[in-house]
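**Q** Those sequence lines, one after another, are chains A and B.
Note that this note's numbering has the first sequence beginning at 128, numbered continuously upward.
Note that this note's numbering has the second sequence beginning at 256, numbered continuously upward.
Don't take each hint at face value.
[Claimed, not checked] For the chain A half of the interface with chain B, some residues (derived, Cβ under 7 Å), not all of them:
#, residue
1, 139
2, 140
3, 161
4, 164
5, 165
6, 166
7, 167
8, 171
9, 173
10, 182
11, 201
12, 231
[Unchecked claim] Computed spacing ranges between beta-carbons, pair by pair:
#, chain 1, residue 1, chain 2, residue 2, range
13, A, 234, B, 298, 26 to 36 Å
14, B, 399, A, 254, 37 to 47 Å
15, A, 198, B, 605, 48 to 58 Å
[Stated by the list, open to error] Below are the SDA-like pairs computed for lysine to any residue, each with C-alpha atoms no more than 25 Å apart in a straight line:
#, chain 1, residue 1, chain 2, residue 2
16, B, 384, A, 215
17, B, 384, A, 229
18, A, 131, B, 577
19, B, 402, A, 251
20, B, 384, A, 158
21, A, 131, B, 324
22, A, 169, B, 353
23, A, 170, B, 424
24, A, 169, B, 507
25, A, 169, B, 310
26, A, 129, B, 299
27, A, 272, B, 577
28, A, 169, B, 300
29, A, 129, B, 349
30, A, 129, B, 345
31, A, 169, B, 373
32, A, 131, B, 338
33, B, 414, B, 424
34, A, 272, B, 607
35, A, 129, A, 189
36, A, 170, B, 308
37, A, 129, B, 300
38, A, 272, B, 574
39, A, 229, B, 349
40, A, 131, B, 299
Since the hints were made in silico from the structure, they are not lab data.
Nothing here was measured: the structure is a model prediction, and the numbers come from that model.
C-beta atoms are modelled at their ideal positions from N, C-alpha and C, and glycine is treated no differently.
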Amino acid sequence: MKRKKVCLLGAFAVGKTSLVARFVHSIFDERYHTTIGVKIDKKDVTLRGVSTTLVLWDLYGEDKFQRLEASYLRGAHGFLIVVDGTRAWTLDHALEMLARAKEIAGDVPHVMLLNKHDLADGWELSEERCELLATSMDLVRTSAKSGEGVEAAFERLVERMEQR
Amino acid sequence: MSDALIEDWLCDTGVLVLARGDDGTFAVAGRTPEFFVDMARAEGLAVELAARDPRTWSPFLENFLVDAEAFWRRGECGRVLSGPWCETTRAGRDWELEAAAVTISHARQVLVIQHVALEYAERVAVLQKARSAGLAFDRLQREVQDKEVLLHCVVHDLKTPLANIYGNLSLLKSGKLAPERALQLMQLSLAEAKRQESMIRQLLQVFEAELRALASFDTLPGLAPDLRQCVRVAARAMQSGYERRGVALQVARGFELDERFDVHGRADRLERVVINLLDNALRHSRPGSEVELALVESPTHARVEVRDRGSGVDPSVAPALFQRFVKSARSGGAAGLGLYYCRLTIERWGGRIGFAPRDGGGTCFWFELPRALSPGA
Chain A
128 MKRKKVCLLG AFAVGKTSLV ARFVHSIFDE RYHTTIGVKI DKKDVTLRGV
178 STTLVLWDLY GEDKFQRLEA SYLRGAHGFL IVVDGTRAWT LDHALEMLAR
228 AKEIAGDVPH VMLLNKHDLA DGWELSEERC ELLATSMDLV RTSAKSGEGV
278 EAAFERLVER MEQR
Chain B
256 MSDALIEDWL CDTGVLVLAR GDDGTFAVAG RTPEFFVDMA RAEGLAVELA
306 ARDPRTWSPF LENFLVDAEA FWRRGECGRV LSGPWCETTR AGRDWELEAA
356 AVTISHARQV LVIQHVALEY AERVAVLQKA RSAGLAFDRL QREVQDKEVL
406 LHCVVHDLKT PLANIYGNLS LLKSGKLAPE RALQLMQLSL AEAKRQESMI
456 RQLLQVFEAE LRALASFDTL PGLAPDLRQC VRVAARAMQS GYERRGVALQ
506 VARGFELDER FDVHGRADRL ERVVINLLDN ALRHSRPGSE VELALVESPT
556 HARVEVRDRG SGVDPSVAPA LFQRFVKSAR SGGAAGLGLY YCRLTIERWG
606 GRIGFAPRDG GGTCFWFELP RALSPGA
């Protein structure tokens, strides 16, 4: 079976670990669990008859305590860029991380996840900005809590990696 | 210290030492620590095979060994650290690990892998604490900003009618106005005073609701209000306003029944919710049109619908309609708190609230509340 390395990138507490837990184990925990270093998970997926093992690199959220380790991105086949829709600054941070990641791993397929979509009350990202962003990259609104869009986001990335 | 003693100590402290051979494969030096035996088993590998090529079971080490090999090729002394990582086996077990590529005496190259569960948990706890504090600070900062905006809106909304009243009174004071014009200005001033009073009332309701939201649920069966009675009270309270505007208020027969229909909540606040929705419908209705008040019953819930034939919800405010201070050009001077109060109250009782456009024009605002079951039910 083919193996594809997928790195999850984004600021701290945007929900990367929760998205992986939802996708791989179908679980969600309300509490925030910070990630140290890297957390590696695997999941077999089959899309249009093609089976692939996704090796998911859930990288720690970058902040003043931890900076992105370039070597972790080596050999990545795809990126999932995670943004917390209730904290608008995480989008700018994600775009900046994506630019750096591309410098290291090249222009590999990527999908952006606008996470925490269940928290509509606290949503900070404007619709206009999302629409503008959607013209330049794949955007999926997700909720690790409800499961909304999670499978679709991973499938979208697999599809794009297969097209390469 | 003898080699055997060192090997025992390493093994007992959860350290796996893999000696690198000339062909680039590895072999366990000394005893194999228990964690590695368990890990290899979980991955369905023999210990020797797992040790021989760690790339087969660890994507992280596959990546790290690129840097390690470069380090060994350079022939430098010292070590290269991997940093911590967590490997989750197919069985769902997490292994917290840390590795180092080391060159020791006589140019021997070894890969050291340590199970660092305790240290990992401690580091997570420290970082988590720092980040949680950061998140709490962010939340607090946003709350302060929201409150500043709120204060600005309140001041602005209260100031506008006051400025109108002041202007009208100044004109009246001049004594040069025709009686009809003076009467007109007095009526306008009264209307503005009423608007201001209504805003203050709504503000007080919201603050009260927010405070109550911190208190216990209003779901005790003995306190459950009769939905039918509350709706009848609210409809009566709004009747004269509807008549003045020439809008017909049609109350469904379901509300006229004597049989109680208890729901979660409190009577006074439930009446206020219905009044707010009826007031909202009235403001958006043209004279001669009709507003319907309907009841949809189910064994577990009650759904109340307020259907108007107004201009519909402005699409620009639709996504945030139930937030506070949401206003559109069609708001008709309302403070933008009535629907916010309704949502806060209904959701607090475990219900839902929403709206939908109607065929033929207008909007249907609705809310659902769980039925309150009698203690014996």
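**Q** Next step is simple, just say for each hint if it's right about the structure.
**A** A quick look at each hint next to the structure:
1. 139: holds (6 Å)
2. 140: holds (6 Å)
3. 161: Holds. Min distance 4 Å.
4. 164: Given a least distance of 4 Å, the restraint on residue 164 of chain A holds.
5. 165: Hint holds; residue 165 of chain A Cβ to chain B Cβ min 4 Å, cut 7 Å.
6. 166: holds (4 Å)
7. 167: Residue 167 of chain A check passes; min Cβ-Cβ to chain B is 5 Å, inside 7 Å.
8. 171: violated (10 Å)
9. 173: Violated - the Cβ of residue 173 of chain A stays beyond 7 Å from chain B, reaching only about 17 Å at its closest.
10. 182: Hint on residue 182 of chain A: holds, closest Cβ of chain B at ~5 Å, below 7 Å.
11. 201: holds (6 Å)
12. 231: Check failed: Cβ of residue 231 of chain A comes no nearer than 12 Å to chain B, outside 7 Å.
13. A/234 - B/298: 26 to 36 Å: holds (33 Å)
14. B/399 - A/254: 37 to 47 Å: Between residue 399 of chain B and residue 254 of chain A, where Cβ atoms are some 25 Å apart, the hint is violated.
15. A/198 - B/605: 48 to 58 Å: About 50 Å separates the Cβ atoms of residue 198 of chain A and residue 605 of chain B, which means 48 to 58 Å holds.
16. B/384 - A/215: holds (22 Å)
17. B/384 - A/229: violated (32 Å)
18. A/131 - B/577: violated (44 Å)
19. B/402 - A/251: holds (16 Å)
20. B/384 - A/158: Between residue 384 of chain B and residue 158 of chain A the Cα gap is close to 13 Å, so the pair holds against 25 Å.
21. A/131 - B/324: Roughly 23 Å between the alpha carbons, so the hint for residue 131 of chain A and residue 324 of chain B holds.
22. A/169 - B/353: The given pair, whose Cα atoms are some 19 Å apart, holds under the 25 Å limit.
23. A/170 - B/424: Distance of about 75 Å is beyond 25 Å: violated.
24. A/169 - B/507: violated (58 Å)
25. A/169 - B/310: holds (15 Å)
26. A/129 - B/299: Holds, at about 19 Å.
27. A/272 - B/577: holds (22 Å)
28. A/169 - B/300: Status holds; Cα separation ~17 Å.
29. A/129 - B/349: The given pair, whose Cα atoms are some 24 Å apart, holds under the 25 Å limit.
30. A/129 - B/345: Between residue 129 of chain A and residue 345 of chain B the Cα gap is close to 17 Å, so the pair holds against 25 Å.
31. A/169 - B/373: Holds, because 24 Å separates the two Cα atoms, which is no more than 25 Å.
32. A/131 - B/338: The given pair, whose Cα atoms are some 22 Å apart, holds under the 25 Å limit.
33. B/414 - B/424: holds (15 Å)
34. A/272 - B/607: OK: residue 272 of chain A and residue 607 of chain B at ~19 Å, within 25 Å.
35. A/129 - A/189: violated (30 Å)
36. A/170 - B/308: The given pair, whose Cα atoms are some 22 Å apart, holds under the 25 Å limit.
37. A/129 - B/300: Holds - the C-alpha atoms of residue 300 of chain B and residue 129 of chain A are around 20 Å apart, at most 25 Å.
38. A/272 - B/574: Given pair residue 272 of chain A, residue 574 of chain B holds - Cα atoms ~21 Å apart, limit 25 Å.
39. A/229 - B/349: violated (30 Å)
40. A/131 - B/299: holds (21 Å)
The structure fails to meet hints 8, 9, 12, 14, 17, 18, 23, 24, 35, 39 from the earlier list, while all remaining hints are met.
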